[in-house]
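The chain contents come next:
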Amino acid sequence: SAVISQKPSRDICQRGTSLTIQCQVDSQVTMMFWYRQQPGQSLTLIATANQGSEATYESGFVIDKFPISRPNLTFSTLTVSNMSPEDSSIYLCSVALGETQYFGPGTRLLVL
Amino acid sequence: AQSVTQLDSHVSVSEGTPVLLRCNYSSSYSPSLFWYVQHPNKGLQLLLKYTSAATLVKGINGFEAEFKKSETSFHLTKPSAHMSDAAEYFCVVSEGKGGKLIFGQGTELSVKP
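Keeping their order, the protein sequence lines are chains P and G.
Here the first sequence is numbered in the numbering used here, starting from 317 and rising by one per residue.
Here the second sequence is numbered in the numbering used here, starting from 86 and rising by one per residue.
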C-alpha cells in the first residue's frame with residue numbers, strides 16, 4: 317500500500333479566492349488522481365496527473381478552474397480557483413499501485 | 086461504458102446479525118472490482134478487491150465479496166456486524182490496471198446495538 321498525506325486537512329475560504337491542496341505520497345508513483353466528493357455524494361474524478369505530462373481532465377472539469385501540478389513522482393497539487401459555495405466539497409488525491417488505488421485522507425473545503 | 090449500481094442507499098442491521106450490501110456492475114471488459122469504506126470524517130480505506138483471480142474475495146475486518154459474472158454482481162457480506170462497521174461503503178469498478186475508477190453512489194450502513 318501507500319501512505320498519502322494531504323494539506324490542508326480542512327479550510328474555510330471566501331468566495332473568489334483560490335486554494336491550493338497538496339498531496340504527498342511515501343513512494344514514487346506514476347499515476348496520481350484527484351477526486352471531488354460533494355456533500356452527501358459519491359466520488360467524481362477531476363483529473364489524472366502523470367509526472368512529466370499535462371493533467372488529463374474529465375468532462376465537466378477544466379484546467380482554468382482546477383489547475384494541477386505534478387513536479388515529481390511523489391507530489392502533486394490541485395488548485396481550486398475563483399471559488400464559489402458550489403465548490404464546497406471534500407477533495408481527495410489517490411495513487412495507483414498496480415490495479416489498486418489508495419486514497420489520501422481528503423481536504424474538507426467550505427466556501428462562504 | 087462502465088457503471089456501478091449500489092442497490093441500497095441505506096442499510097440498517099443489528100449488532101451481531103449478517104450484513105449484505107448489494108452491488109451490480111456493467112463493464113465491457115473483464116472488470117476489476119473494489120469495495121471501499123469511508124468512516125465519518127475519515128478517508129477511503131480499501132476493504133477488498135477482485136482482479137480476475139478467485140471469485141470469492143476475502144477482505145479486512147471479516148468482510149468478503151463474491152464476483153458473479155452471470156449476475157454481474159459483487160455483493161459485500163459479513164457474517165456478524167459490529168458497531169464499528171457503521172460507515173459509508175462504495176462499490177467501485179476500474180477501467181483497467183491503474184485506470185479510472187467508477188464509483189457507485191454509496192451505501193450507508195447503520196448498526197444498532
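Take the hints with a grain of salt, since some may be wrong.
Cut-off 20 Å, straight-line C-alpha distance, at most; resulting in silico cross-link-like pairs (EDC-like, lysine to aspartate or glutamate) [said to hold, decoys possible]:
1) Lys185(G) - Glu402(P)
2) Lys381(P) - Glu415(P)
3) Lys185(G) - Glu374(P)
4) Lys134(G) - Glu415(P)
5) Lys127(G) - Glu180(G)
6) Lys143(G) - Asp403(P)
7) Lys143(G) - Glu173(G)
A few chain G residues that don't get close to chain P, going by computed Cβ distances all over 10 Å [stated by the list, open to error]:
8) Pro103
9) Leu129
10) Thr157
11) Pro164
12) Lys185
These are calculated hints, taken from the structure and not from any lab test.
By construction, the Cβ of each residue, glycine as well, lies at the ideal position given by its N, Cα and C atoms.
Results for each hint:
Annotation: proposed proximity of Lys185(G) to Glu402(P) is violated, straight-line Cα distance about 24 Å (limit 20 Å). For the hint linking Lys381(P) to Glu415(P), the alpha-carbon distance of about 29 Å lies beyond 20 Å, and the restraint is violated. For the hint linking Lys185(G) to Glu374(P), the alpha-carbon distance of about 10 Å falls within 20 Å, and the restraint holds. A C-alpha spacing of about 9 Å is found between Lys134(G) and Glu415(P), which places the hinted pair at or below 20 Å, so the restraint holds.
Annotation: proposed proximity of Lys127(G) to Glu180(G) is violated, straight-line Cα distance about 26 Å (limit 20 Å). In summary, the hint linking Lys143(G) to Asp403(P) is not supported, as the alpha carbons are separated by about 37 Å, beyond the 20 Å threshold. Distance restraint check for Lys143(G) and Glu173(G): the Cα-Cα separation of roughly 19 Å lies within the 20 Å cut-off, and the hinted pair is therefore satisfied. At roughly 25 Å from the closest C-beta of chain P, the C-beta of Pro103(G) stays outside 10 Å, upholding its exclusion from the interface.
Under the 10 Å C-beta cut-off, the non-interface status given to Leu129(G) relative to chain P is violated; the minimum distance is some 4 Å. No beta-carbon of chain P is positioned within 10 Å of the beta-carbon of Thr157(G); the least distance is around 19 Å. In this structure Pro164(G) is separated from chain P by more than 10 Å, as the shortest Cβ-Cβ distance comes to about 25 Å. Once the 10 Å rule is applied to beta carbons, Lys185(G) is inconsistent with being away from chain P; the minimum gap is 6 Å.
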